[in-house]
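Chemist: Respectively, the protein sequence lines represent chains A and B. Residues in the first sequence are numbered from 1 upward in steps of one, following my numbering. Residues in the second sequence are numbered from 1 upward in steps of one, following my numbering.
To be clear, the hints were calculated from the coordinates, so they are not data collected in a lab. In this text, a Cβ means the ideal position worked out from N, Cα and C, and glycines have one as well. Any given hint might turn out to be false.
[Stated by the list, open to error] Once the Cα atoms are required to be at most 25 Å apart in a straight line, the calculated DSS-like pairs of lysine-lysine come out as:
1) B:Lys91 - A:Lys244
2) A:Lys296 - A:Lys268
3) A:Lys387 - B:Lys91
[What the hints assert, rightly or not] Among chain A residues calculated to face chain B with C-beta under 7 Å, some are:
4) Gly89
5) Asp245
6) Ser246
7) Pro250
8) Glu324
9) Ser327
10) Ala330
11) Gly334
12) Leu373
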Amino acid sequence: MRTMSDLLKLSLTDVSAKLKAKEVSASELATEAVKACKAAQPALNAFTAFDEDKTQAMAKAADARLAKGEGGLLEGVPLAIKDLFAVEGVDTSASSNILKGFKPTYESTVTSKLWGKGAVFVAKTSMDEFAMGSSNETANTGPVVNPWKAAGGNESLTPGGSSGGSAAAVAADLCFGATGTDTGGSIRQPASFTGTVGVKGTYGRTSRWGVVAFASSLDHPGPFAKTVKDSAMMLQAMSGHDPKDSTSLPNEVPDFVAACGQSVKGLKIGVPKEYRVDGMPAEIDDAWQKGIDWLKAAGCEIVDISLPHTKYALPAYYIVAPAEASSNLARYDGMRYGNRVDGPDLNGTYENTRGAGFGHEVQRRIMIGTYVLSAGYYDAYYLRAQKVRTRILQDFHDAFDKVDAILTPSAPSAAFALGSKSDDPIAMYLNDVFTVTANLAGVPAMSVPAGLDSSGLPLGLQVITRALDEETMFKVGAALEDSAGFTHKAAKWW
Amino acid sequence: MSADTYTLPGATGDWEVVMGLEIHAQVVSQAKLFSGAATAFGAAPNTQVSLVDAAMPGMLPVINEHVVEQAVKTGLGLNAQINTWSRFDRKNYFYPDLPQGYQISQFQFPIVGEGEIECERDDGSRFTVRIERLHLEQDAGKSIHDLDPNSTYVDLNRSGVALMEIVSKPDIRSPDEASAYVSKLRTILRYLGTCGGDMEKGQLRADVNVSVCKPGAYEKFRETGDFSHLGTRCEIKNVNSLRFIRQAIEYEAQRQIDIIEEGGKIDQETRLFDANTGVTRSMRSKEEAHDYRYFPDPDLLPLELQQDWIDQIRVNLPELPDAKRERFVSEMGLSEYDASVLAADKDRAAYFEEVAEGRDAKLASNWVNNELYGRLNKEGLTITDCPVSAAQMSGLVGLIEDKTISGKIAKDVFEILWAEGGDPAKIVEDRGLKQVTDTGAIEAVIDQLIADNPDQAASVKEKPKAMGWFVGQVMKAMQGKANPQAVNEILQKKLLG
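Extracted from the complex, chain A is given alone in its bound form:
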């Protein structure tokens, strides 16, 4: 007989069918999910808040709708929510001490949409503080531990970041999907590290309203899921125009789910030479080559392309993102909400509050951002970085004149050991080398698990498509998934 915990191993698509068939109730499923999350918490440290009353109330309402044969796309499905999203009445602290205990009186647009489609809240997930990091080690509650371990090793690995808690929760089958935000790769890199699917749509496809801002022009809310189709369902539910976000796209949302499984025959796939970086492990290259072969076998035409400004993307990103962050985080001043540490005078209070409230990485980025926007440096840094950004966008325009999608590795390595890069910001920043370009250009991109490396750790491949063309991205992603036949799961040790 199948146990409840086996149910948690199902995909979102499959569990949805069971909920609709009333083989399991949303309430039972939610109870089991919360139980599993709590049981895993001491080992994985992936969660920052639970609200079981809320979970039960939502699950009960879902059951009532299911009983009447009603229900939305995600009816009764338990989801975890990155701590960057405001969830009404639930601690929303962006994994930062400065917002510790902050309970918003409002609900982010994205989570509202998810609840509107019947999804059930399970937990808030840990993240790098204010989404600044690539290893989830800057969270005020300590690092999240990747459910995956290298074969024969017992070292704790990073789940990636910044959306590490969400990635870990999905990878460990503690929920059926989770939200993340991707500013420079914060969904795709953790997805790659945890053998999950991670997606960001076109910039503006998902609303930023109610999501704690890191870098406004780069922040993309998006989903983690176990399969490409599940991720399409999630993004479908999260997307749509929001008049409360001026940068939200007014365009109709296409049928992402229908795109999954459609033929990729005849699609032109670009392979950019600039993504073969020095010092990249051969296994990453091998995974990439496998992906190329799979798509060729599926009838795609492989085209060598050039994205010539790629090498400037990372430096430009680490100017633009901190610049915006330095301004976006100015509101955390201890005056109206969050935590205040009084000082001898106003400036002293600001210094104490922000000194105690923000961790080192956040402070570092605020200082970098403040510097690059300062009089005398603005032109040399910020303005130049914006020019690079325009060139990168142009690179993609030119590439998409020739190809329908671009295939690259998601990250330059598999999951690394916790602590191994935390003293070296530059090494840490290099994690984003393949992902930041899509943020700078605002084009859709996803990471799909492609296989395991020699130590048994998952590696992801990235699919990038032109703006507004998530459908092709999902088509190619599903084709990769199909060819990869990735069914591996982290061996349970938590």
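Since chain A is already given, all that's left is putting chain B on it; use the hints.
Modeler: What follows is chain B alone, placed relative to chain A:
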């Protein structure tokens, strides 16, 4: 510039003053610039604050289209270039009444570019002030320092309210001109309905940039555009009445002259005007000036306007004060002075036009400008609180015009209207105030007077001025209702033959 340039004497000779003004005008709008919160003045603290205004985590600004329309309308009223592409920038600084930690403003690309307005000095002469730009920005909240000795309280009602910052070129050359410029700007804004203009309520606030120079330097600046011909300027922040603007300038110009003449030099700095002492004092020096780290606000898209939409606003602009004044002169036959006085205030002009409808315009103008405004000023009231409506006033003027009552009786009727209200025609009818034009009745009174005062009557022939006594007596006998023209004619006939 008029012939007599405003100068201040100094030990080294005469000095001239050069000023440019930055006016912050609160936009008339139900909602704030980037949030739906209300903007009513005088509401209880922190009751008109949305999540956006309080800068809660994850909140985003959305432009209020009505405010954009108001800015365009104002730009058109200032004869200015409307920029179809403009952008919002963030001006970053920390202060407790600035919840976001930045003000959203338009630094590099304002919605309105160069324009100009014509202003009138105290002596009636006119001068032009060129407008540099107009941009939209958010107001900050209010810090209240005097409620508690150890704490500052913050009221965020004003946080996020839409302001238009209107920047003039350095075309203002005297305290009188500065005051005239602000006053004219206020009139235009009020005509357009884009700013209430009430300085006491903070709807209009002025920052005054003052520098001094030697005669001739300003002309060189105007020829070349080279600011080095001008003196170093100081910016006096937030001067909130026309009187204070004059005082602040007078004080500041003299302060600068004294420093220069004593061999010192002027530091570019921001100063505050203390209305209690009439003195400006340093707020922060150039070295202490904030580095605002302006950059484009990534939460907002550039503001792109359609030319059709701008043209539509232009077509629907109301008549502005200059056009109105000219029409009052050319079409209604008013004097320049009367026309100016009436046109200078939108409500006054509107009131006058209602009174003058179908009436003698000059008579209507006299009654509005003299009787009515005399009384309003005496009572400390504005035209909007006037107890006598324009319709009543028009009725009253009509009764004078068709000789139903004399001007003298009209003043009595005006008093009744002021105190009790009512229909002027009915008041005249009910109280028997109608002018007597029945020559028979007047003759009878005059005959009786002559009979009773034969010596007086005889003296009129030698001293025609003495006839005035008879006029007075007739009026007295007839309670002022006799038609003065008829009285004069009959007296002339009877006394002078």
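Chemist: Decide, hint by hint, whether the structure agrees.
Modeler: A quick look at each hint next to the structure:
1. Proposed proximity of Lys91 (chain B) and Lys244 (chain A) is supported: the alpha carbons are some 22 Å apart, at most 25 Å.
2. Restraint check for Lys296 (chain A) and Lys268 (chain A): satisfied, since their Cα atoms lie roughly 9 Å apart, inside the 25 Å limit.
3. Taking the CA atoms of Lys387 (chain A) and Lys91 (chain B), the gap is about 21 Å. The hint holds against a cut of 25 Å.
4. For Gly89 (chain A), the suggested interface contact is broken, since its CB lies about 14 Å from the closest CB of chain B, more than 7 Å.
5. Interface hint at Asp245 (chain A): satisfied, since its Cβ lies 5 Å from the closest Cβ of chain B, which is below the 7 Å cut-off.
6. This hint holds: Ser246 (chain A) has a C-beta 5 Å from the nearest C-beta of chain B, less than the 7 Å allowed.
7. Interface hint at Pro250 (chain A): violated, since its Cβ lies 11 Å from the closest Cβ of chain B, which is beyond the 7 Å cut-off.
8. With 7 Å as the threshold, the beta carbon of Glu324 (chain A) comes within range of chain B, its nearest partner Cβ sitting at about 5 Å, so the hint holds.
9. This hint holds: Ser327 (chain A) has a C-beta 5 Å from the nearest C-beta of chain B, less than the 7 Å allowed.
10. The closest approach between the C-beta of Ala330 (chain A) and any C-beta of chain B is roughly 2 Å, which is under the 7 Å cut-off, so the hint is satisfied.
11. Taken as an interface hint, Gly334 (chain A) does not check out: its beta carbon lies about 10 Å from the nearest beta carbon of chain B, beyond 7 Å.
12. The interface hint given for Leu373 (chain A) is met, as the beta carbon of that residue sits about 4 Å from the closest beta carbon of chain B, less than 7 Å.
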